[in-house]
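Listed here are the chains, written in short residue letters.
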Amino acid sequence: MSVLVGYVPTRYGTAALAAAVAEARLRSTSLVVVNASAGDATADPNHLNSEQLAALTAKLAGSGVEHTVEFRSGRDPVDEIVALSADPGVELVVIGLRHRNAVGKLIFGSNAQRILLEVERPVLAVKPGP
Amino acid sequence: MDNVGFLLDGFATALTPTNLMFAFIGVLLGTAVGVLPGIGPAMTVALLLPVTFSLPPTSAFIMFAGIYYGGMYGGSTTSILLNTPGEAASIVTALEGNRMAKAGRGAAALATAAIGSFVAGTIATIALSFVAPQVVKLAVALGPADYVALMVLAFVTVAAVLGSSIVRGLASLSVGLMIGLIGIDAQTGQARFTLGIPQLLDGVDVVVVAVGLFAVGEALWVASRLRHTAAELIPIRGKGMTRSDWQRSWKPWLRGTALGFPFGTLPAGGAEVPTFLSYALERRLSKHKDEFGKGAIEGVAGPEAANNAAAAGVLVPLLSLGLPTSATAAILLAAFQQYGLQPGPQLFSNNSALVWALIASLYIGNFMLLALNLPLAGIWVKLLRIPRPYLYAGILMFAALGSYTVNLSPVDLALLLALGVLGYFFRRYGWPVAPAIVGLILGPVAEQQLRRALAISQGDTSILVSSAFSILLYTATALVLIVPLVYRLTHRSRDDEVRPAPDEQGSSSPLDDDNATKTTELNEMAEPGVQSTSRSVPPDRKDSE
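From first to last, the protein sequence lines stand for chains Y and R. For what it's worth, the numbering used here labels the leading residue of the first sequence as 210, then goes sequentially. For what it's worth, the numbering used here labels the leading residue of the second sequence as 2, then goes sequentially.
Chain Y with its partners taken away, still in its complex shape:
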């Protein structure tokens, strides 16, 4: 069994990761960290660069939780997370949640909302502290 977390190098992603590590420890399961982004901008800050990857690896190693890191690019990140969470071993999906105003939601949609509705596992939505 495992906990799956959608991680991007922002404070929302960091909050999700912290919660996911705590959940995995609590449930004594492994952790799957997914760094997924459509990658359709010229420069995509959601992809981990080498520095951020090193920091993530160090953090995960320090947590003592058994973990794997998955990278996905070129497809819709929601589709990626839905596909990965279809694995019967996944018992919980953790995501970071941020506020998005109505206009932004209308234009860009909300990935969090789609994950909440489309993933067939319990989803834990985490908000970063103030």
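FYI, nobody ran anything at the bench for these hints, they're computed from the structure. Note that CB positions come from ideal geometry on N, CA and C, so glycine has one too. It is possible that some hints are incorrect.
For each label pair, taking beta carbons as the anchor points, the in silico distance ranges come out as [to be verified]:
{"id": "1", "chain 1": "Y", "residue 1": "270", "chain 2": "R", "residue 2": "105", "range": "23 to 29 Å"}
{"id": "2", "chain 1": "R", "residue 1": "288", "chain 2": "Y", "residue 2": "315", "range": "54 to 60 Å"}
{"id": "3", "chain 1": "Y", "residue 1": "285", "chain 2": "R", "residue 2": "185", "range": "50 to 56 Å"}
One-sided and incomplete, this derived list gives chain Y residues near chain R with beta-carbon spacing under 10 Å [as the list claims (entries may be wrong)]:
{"id": "4", "residue": "247"}
{"id": "5", "residue": "249"}
{"id": "6", "residue": "250"}
{"id": "7", "residue": "258"}
{"id": "8", "residue": "279"}
{"id": "9", "residue": "283"}
With chain Y fixed as given, assemble chain R onto it according to the hints.
For chain R alone, coordinates are given in the frame of chain Y:
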């Protein structure tokens, strides 16, 4: 009245609120398209041509000049922070600038690029104000045969310099010349290459060709490569320029200017070559030779000054002779033609108010660009985070709209798409787009001059080589073609360089980039399966300067 008086009059025109606004819109747009890789000032000016039909020419040209200069400033930001040059003249900046950014001195690199651009832009604009009228005095004495020689030289150098290889450049040039011939011949009334389509009798509009090759071609190209991993953006760090940075920068700025301006004024292919030369020069003169390749500030300051100085230099032959030597200059020439003006010696006498307002707006634009780029580089970089599907959807919409409004003819839309596909294959096979644009716009002018010369001599072709000036130019043209060939034969090895030594230094350096994947991608784009091209530069993505 002397030139200073004319220039002051120009300032009076350029400083009116309306024209200041157009200058501001221009530099804003120019910086934006300069920052975005693959979208350049040439394409932007082409897209705006139909929109500016209704503007007075002075305002339109002030805006275009802003876009032209802005592209130069914006390109350096992308080079430094992304290692993907926003346009061709910023390739060298990426070498040292990106290392500086990685080493946490991004702010200093951006500052030296912006201030260097400003210093060079200002000095070169001053030089432009004084050199252009002198060239005009010489140009008055030139006959049609001399113009033909000048244009042949411009064609060949543009084809040789702006592409990854001379053959590809010449091929691209031929495509442009061919498209330029479509339509009714003005002297005999014959329809040429119209394929029986009546809408082609008027010729193919420059807007359709430029927008098709640049915008639609680029959109298709990006769409075909969208799945490739995005580039890594380095955050701006560091404190800006220290005392020693200033000391190390000011000489390269001046040397870059001194190299860039003359190269720009020669019909020798715009702003790219002097940046390579400047980089090589700074590398040789620097007291910090060991820092080169690891982020030497001289390697940013010199080339950035050179490309802006060259950008001003390119305007000298454009305004005084009607001779464009870069894609953007060619589009500007088309813009002059749209308003019924023919750049050349007469422009300075018949439309001096327009010309001097344009030159004055360059001074103003430089100040605006410094203010926009020095403190705001971080905001411009945010443009790179726009998802490309949205960005290119917008560009395609404007492209289609712009092409349709030229003649309100659906045939133009079909042509736009066909040329877009052609533009895609240009990119796919490493053909530069710029020579095609120069050929398209300068071709009909050259033809007119050639036939005028032959009409004067009553068909005797020896008139073409009758003056010392034209013989000199033909010799130079022959040298441009032969020297690289000889160089290649004497340095025969599998991956030799087509071009002379300084460029070789400039271009081979991105190859030893530590970021292996990015470099491979860069090379792949530049040389799809070809062994002896001259540069490891994406050949056509940015013929934009």
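Taking the beta carbons of residue 285 of chain Y and residue 185 of chain R, is their distance inside 50 to 56 Å?
With a Cβ separation near 52 Å, residue 285 of chain Y and residue 185 of chain R satisfy 50 to 56 Å, so the hint holds.
Taking the least C-beta to C-beta distance, is residue 279 of chain Y closer than 10 Å to chain R?
violated, 15 Å
When the nearest CB of chain R is found for residue 283 of chain Y, is that gap smaller than 10 Å?
holds, 4 Å
Hint check, residue 249 of chain Y versus chain R [nearest Cβ-Cβ separation less than 10 Å]
Where the cut-off is 10 Å and the nearest Cβ of chain R is about 5 Å from residue 249 of chain Y, the hint holds.
Verdict for residue 288 of chain R, residue 315 of chain Y (Cβ pair) under range 54 to 60 Å:
holds, 58 Å
Proposed interface contact between residue 247 of chain Y and chain R, which counts if any beta carbon pair is under 10 Å
Given a least distance of 7 Å, the restraint on residue 247 of chain Y holds.
Note whether the CB distance of residue 270 of chain Y and residue 105 of chain R lies within 23 to 29 Å or breaks it.
Roughly 26 Å apart at Cβ, these two residues keep to the hinted range, so it holds.
Classify the hint on residue 250 of chain Y as holds or violated, based on whether any CB of chain R lies nearer than 10 Å to its CB.
holds, 5 Å
Can the hint on residue 258 of chain Y be confirmed by a CB-to-CB distance to chain R that is less than 10 Å?
Holds, about 5 Å.
Of the numbered hints given earlier, the model fails hint 8 alone.
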